[in-house]
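Single-letter residue listing:
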Amino acid sequence: MRASSSRPIAFVAFGVALLLAGSWWGLAKAPGEVFMGDVQRIMYVHVPTAWNAMLALTFAFVCALCFLFTNAWKWDNRLEAGMEMGVVLSLLLCMQGSIWAKPTWGVWWDWDPRLTTTAVMVFAFGGILALRAFVDDPVKRAVWSSVACIVAFVDVPIVYFSVKWWNSLHQAQSTPQTVSSAFHWPLRINAFGILFLWIGLVGLRARVAALRRRGEMAPPLTQKQSATGRAPITGGAV
Amino acid sequence: MNALFAAFRKDLLLQWRGRAQMVAIFAFGAAALLLFSFAIGPDSSALREHAAGFLWLGLLLASTLSLAESFECEMEEQALEGLLLLPASTRALYYGKAIANWAQLALLGMALVPVMVVLYDAGTLRLLSLLAVILLGTAGLSAPGTLYAAMTSQTRARQTLLPLLLFPLVVPVLLAAVKATSLVILGDPMEQYRPWITLLGAFAVIHWSIGGLLFGRVVED
Chain L
155 MRASSSRPIA FVAFGVALLL AGSWWGLAKA PGEVFMGDVQ RIMYVHVPTA
205 WNAMLALTFA FVCALCFLFT NAWKWDNRLE AGMEMGVVLS LLLCMQGSIW
255 AKPTWGVWWD WDPRLTTTAV MVFAFGGILA LRAFVDDPVK RAVWSSVACI
305 VAFVDVPIVY FSVKWWNSLH QAQSTPQTVS SAFHWPLRIN AFGILFLWIG
355 LVGLRARVAA LRRRGEMAPP LTQKQSATGR APITGGAV
Chain G
3 MNALFAAFRK DLLLQWRGRA QMVAIFAFGA AALLLFSFAI GPDSSALREH
53 AAGFLWLGLL LASTLSLAES FECEMEEQAL EGLLLLPAST RALYYGKAIA
103 NWAQLALLGM ALVPVMVVLY DAGTLRLLSL LAVILLGTAG LSAPGTLYAA
153 MTSQTRARQT LLPLLLFPLV VPVLLAAVKA TSLVILGDPM EQYRPWITLL
203 GAFAVIHWSI GGLLFGRVVE D
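Taken in order, these protein sequences are the chains called L and G. What the first sequence shows, in the working numbering, is residues 155 to 392, in sequence order. What the second sequence shows, in the working numbering, is residues 3 to 223, in sequence order.
Treat the hints with caution; some may be incorrect.
What follows is a set of in silico ranges between Cβ atoms, one per label pair, in the way DEER data are often shown [unchecked claim]:
no. : chain 1 : residue 1 : chain 2 : residue 2 : range
1   : L       : R268      : G       : M77       : 39 to 47 Å
2   : L       : V261      : G       : E51       : 40 to 48 Å
3   : L       : R366      : G       : E74       : 24 to 32 Å
4   : L       : T258      : G       : A159      : 37 to 45 Å
5   : L       : S252      : G       : E74       : 51 to 59 Å
6   : L       : K294      : G       : V119      : 26 to 34 Å
7   : L       : W262      : G       : G84       : 49 to 57 Å
8   : L       : K294      : G       : A22       : 28 to 36 Å
9   : L       : V261      : G       : M192      : 23 to 31 Å
10  : G       : T162      : L       : D192      : 51 to 59 Å
11  : L       : S252      : G       : P197      : 25 to 33 Å
12  : L       : R368      : G       : G84       : 29 to 37 Å
13  : G       : T162      : L       : R368      : 48 to 56 Å
14  : L       : G191      : G       : L127      : 33 to 41 Å
Here are some chain L residues pointing at chain G (derived, C-beta under 10 Å) [unchecked claim]:
no. : residue
15  : C220
16  : L222
17  : F277
18  : V362
Derived from the structure by calculation, the hints contain no laboratory data. None of the values given here were measured: they were computed from a predicted structure. All C-beta atoms in this analysis are idealised placements derived from N, C-alpha and C, irrespective of residue type, glycine included.
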């Protein structure tokens, strides 16, 4: 128990350390980009955030599938944590993108497929978090948010392609510049930094979710809560 | 199949008995179309250009009312639990209700078209193409809408939650249906109508399949 309880904190610490190292490299050591200058350095957090946002939501989707198949509470805890992390990272992604776009494109927002899809994801998964907040029964909350998560996740590629299609009929996209090798290392270090950070945070958040559910369920119910008539729902440990 | 038909018949009957509600929802959609024109101003060419977008926004807003209503009545007197006790699969219940909702939304869409034509001067003679867009677009709205209405009707804050969950999900429907309707109204020199219709069809097929797979878990637990 001791070992598992300190593991997420170790992940968070390691992630923060990597993030600091990568950001130092990106901000101080790597050369500035020829055309955009220092504005381009936001890429060192932006691109890793994008990868990790997608990864966190994929993790939430896998948790949703696992919950529906196993009915084990640990998957619901992880689903809640992973989805929150995915929404936060997507929101950060939109903000970083806007900060970058204003000096570069002259506008805060552009109807680029990736940008629009990220915004749609924020609302789709944020809506599921709202659903969780308004359902009091833990069993219903878990099942419904799993179902909604699966539907929303399947929808993401359709949104992406429809926006891409919609937009390509309006204007040609400015292509993303290929990344030169001088920029690789800080990108990679930051990507792993954010990865470890969110895995650690998801571990901690899942534990909070488990504790909260233990508080919600009256003690005599914990053993007999398998009202679903399927496999019994197992205890609250992460 | 019999169960599906019975469920569909039951939901159609419910809608018919509550037809005052349908008229009110239509009035809501028409009022929304009227209000949208105030956002643009009395520039008739701009209104005509945006007519398709307004039609689908009005239909989308009105659809949350009718979708929510379709499950609200199942919550009264615990009707849903009675339905689940019947020897019918939940899948049949889902498809029965989703098809009934589809029929209602398609009817609503067709009823809003004349309003659009009158208000925005957006007439067209390609009625079959327009009908295809409305049928496929409302199919894409009703499948996820029925699934989500089943959840949100049982929650607190249900009026907020259904649109919050549904709107981001149906972005592709909105995009494709607006585009296709626009092409029908304003002319289609580049032959772009077919890809948008295909997108609408693909969206509908995907969501009708997932809805049928997942609905059982939503109502049983």
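Hints versus structure:
For the pair R268 (chain L) and M77 (chain G), the beta carbons lie near 40 Å from each other, so the given range of 39 to 47 Å is met. For the hinted restraint 40 to 48 Å between V261 (chain L) and E51 (chain G), the CB-CB distance of approximately 22 Å leaves it violated. As the Cβ distance of R366 (chain L) to E74 (chain G) is approximately 30 Å, the hint placing it in 24 to 32 Å holds. Take T258 (chain L) and A159 (chain G): their Cβ atoms lie about 40 Å apart, and the range 37 to 45 Å holds.
A beta carbon spacing of about 39 Å between S252 (chain L) and E74 (chain G) contradicts the range 51 to 59 Å that was offered as a hint. At roughly 45 Å, the beta-carbon separation of K294 (chain L) and V119 (chain G) lies outside the given 26 to 34 Å, and the hint is violated. Distance hint check for W262 (chain L) and G84 (chain G): the Cβ-Cβ separation is about 53 Å, which falls inside the suggested range of 49 to 57 Å. Restraint check, K294 (chain L) to A22 (chain G): a C-beta distance of roughly 32 Å satisfies the suggested window 28 to 36 Å.
Between V261 (chain L) and M192 (chain G) the Cβ separation comes to about 27 Å, which falls inside the hinted range of 23 to 31 Å. Between T162 (chain G) and D192 (chain L) the Cβ separation comes to about 43 Å, which falls outside the hinted range of 51 to 59 Å. A beta carbon spacing of about 31 Å between S252 (chain L) and P197 (chain G) agrees with the range 25 to 33 Å that was offered as a hint. At roughly 34 Å, the beta-carbon separation of R368 (chain L) and G84 (chain G) lies within the given 29 to 37 Å, and the hint holds.
In this structure, T162 (chain G) and R368 (chain L) break the distance hint of 48 to 56 Å, their C-beta atoms being roughly 29 Å apart. Checked against the given bound of 33 to 41 Å, the beta carbons of G191 (chain L) and L127 (chain G), roughly 56 Å apart, lie outside it. Among the interface hints, the one on C220 (chain L) is violated; its C-beta lies about 14 Å from the nearest C-beta in chain G, farther than the 10 Å criterion. Taken as an interface hint, L222 (chain L) checks out: its beta carbon lies about 6 Å from the nearest beta carbon of chain G, inside 10 Å.
Interface hint status for F277 (chain L): upheld, as the beta-carbon distance to the closest one in chain G is roughly 4 Å, under 10 Å. Taking 10 Å as the C-beta cut-off, the interface hint given for V362 (chain L) is violated, the closest approach to chain G being about 22 Å.
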